[in-house]
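Asks: Chain residues, written in single-letter form:
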Amino acid sequence: AQKVTQAQTEISVVEKEDVTLDCVYETRDTTYYLFWYKQPPSGELVFLIRRNSFDEQNEISGRYSWNFQKSTSSFNFTITASQVVDSAVYFCALSDGTGNQFYFGTGTSLTVIP
Amino acid sequence: DAGVTQSPTHLIKTRGQQVTLRCSPKSGHDTVSWYQQALGQGPQFIFQYYEEEERQRGNFPDRFSGHQFPNYSSELNVNALLLGDSALYLCASSNDREYTDTQYFGPGTRLTVL
Numbered sequence: 023a024q025k026v027t028q029a030q031t032e033i034s035v036v037e038k039e040d041v042t043l044d045c046v047y048e049t050r051d052t053t054y055y056l057f058w059y060k061q062p063p064s065g066e067l068v069f070l071i072r073r074n075s076f077d078e079q080n081e082i083s084g085r086y087s088w089n090f091q092k093s094t095s096s097f098n099f100t101i102t103a104s105q106v107v108d109s110a111v112y113f114c115a116l117s118d119g120t121g122n123q124f125y126f127g128t129g130t131s132l133t134v135i136p
Numbered sequence: 008d009a010g011v012t013q014s015p016t017h018l019i020k021t022r023g024q025q026v027t028l029r030c031s032p033k034s035g036h037d038t039v040s041w042y043q044q045a046l047g048q049g050p051q052f053i054f055q056y057y058e059e060e061e062r063q064r065g066n067f068p069d070r071f072s073g074h075q076f077p078n079y080s081s082e083l084n085v086n087a088l089l090l091g092d093s094a095l096y097l098c099a100s101s102n103d104r105e106y107t108d109t110q111y112f113g114p115g116t117r118l119t120v121l
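Residue numbers (this note's numbering), protein chains in the order written: chain A, 23 to 136; chain B, 8 to 121.
Keep in mind that the hints were calculated from the coordinates and are not lab data. Misleading hints may appear alongside valid ones.
Said to hold, decoys possible - What follows is a list of derived Cβ distance ranges for each label pair: (1) Asp69(B) x Lys25(A): 41 to 49 Å; (2) Asn78(B) x Glu39(A): 45 to 53 Å; (3) Asp103(B) x Thr102(A): 34 to 42 Å; (4) Gln105(A) x Gly23(B): 40 to 48 Å; (5) Gln105(A) x Ala87(B): 43 to 51 Å; (6) Asn66(B) x Gly119(A): 35 to 43 Å; (7) His74(B) x Gln24(A): 21 to 29 Å.
As the list claims (entries may be wrong) - Only part of the chain B face toward chain A is listed, based on derived beta-carbon distances under 7 Å: (8) Val26; (9) Phe67; (10) Gly115.
Unchecked claim - Over 12 Å on every C-beta distance to chain B, these chain A residues come out as not near it, computed from the model: (11) Gln61; (12) Ser96; (13) Gln123.
All C-beta atoms, glycine included, are put in the ideal place defined by N, C-alpha and C.
Could you put the whole structure together from the sequences, leaning on the hints where they help?
Replies: Okay, here's the thing in structure tokens:
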């Protein structure tokens, strides 16, 4: 069975601090895909990144970086020098090789305090 | 390039009623998925439509049904509404021609059942 765990329910940081959001997944598939989405108060899920199970390279995009480790089944997300606009709920998601169904974690609510 | 659109934005119904939610996919996308997001939870997969047929279904009762039209737009119907159906309903679209394409989400329809 597919499962995504985001153990951090809520995180608060002061602006300009770095913050890491944890994501642990479970799957028996050898081919799978991992995603991060951001959900601001407006409700719309905004796509941030997709990573397939065969690519363990870490990725950096501006202030965002992702650390994928198959050995620990983790796909963590770090925001460097956080800003107030980063305040949102962040979801980690997993899809199998077909990509037809996404399995979401329960989300981490990030508050960046000015 | 229009993104995923959903209507209505908000809806209030009473128990036992029926509701229809609508979704137009992102330009160039042919696949539509529906998710239910209860307050404080991650989105839960309801079903996915491709080529006007339900391709995959999550763990939801038959009260939840859908339809996809030739222009790829989709409807989600919920019959015999229960209080527990109150949630944000998210539509996501993707391109089946791109294997395991990323799902892009609309702003959602907030359904309240009284």
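Asks: Is it true that the C-beta distance of Asn78(B) to Glu39(A) lies inside 45 to 53 Å, as the hint says?
Replies: For Asn78(B) and Glu39(A) the Cβ distance comes to about 47 Å; the hint holds.
Asks: Any CB of chain A closer than 7 Å to the CB of Val26(B)?
Replies: violated, 18 Å
Asks: Starting from the hint 41 to 49 Å, judge whether the C-beta atoms of Asp69(B) and Lys25(A) obey it.
Replies: violated, 25 Å
Asks: Is 35 to 43 Å a correct range for the gap between the Cβ atoms of Asn66(B) and Gly119(A)?
Replies: violated, 20 Å
Asks: Do the beta carbons of Gln105(A) and Ala87(B) sit within 43 to 51 Å of each other?
Replies: Given about 46 Å between the Cβ atoms, the range holds.
Asks: Using the Cβ atoms, figure out if Gln105(A) sits within 40 to 48 Å of Gly23(B).
Replies: holds, 46 Å
Asks: Say whether it holds or is violated: Gln61(A) keeps its Cβ farther than 12 Å from all Cβ of chain B.
Replies: violated, 9 Å
Asks: Going by Cβ atoms, does Gln123(A) stay more than 12 Å from chain B at every point?
Replies: The claim is violated: Gln123(A) sits with its nearest Cβ about 5 Å from chain B, within 12 Å.
Asks: Return the status of the interface hint for Phe67(B): holds when the least beta-carbon distance to chain A is below 7 Å, violated otherwise.
Replies: violated, 12 Å
Asks: Does the hinted range 34 to 42 Å hold for Asp103(B) and Thr102(A) at CB?
Replies: Between Asp103(B) and Thr102(A), where Cβ atoms are some 36 Å apart, the hint holds.
Asks: Quick check on Gly115(B) please, does its C-beta sit within 7 Å of some C-beta on chain A?
Replies: Nearest chain A Cβ about 5 Å off; hint holds.
Asks: Run the C-beta distances from Ser96(A) to all of chain B and say if the shortest one exceeds 12 Å.
Replies: Answer for Ser96(A): holds, closest chain B Cβ roughly 17 Å.
The structure shown violates the earlier hints numbered 1, 6, 8, 9, 11 and 13.
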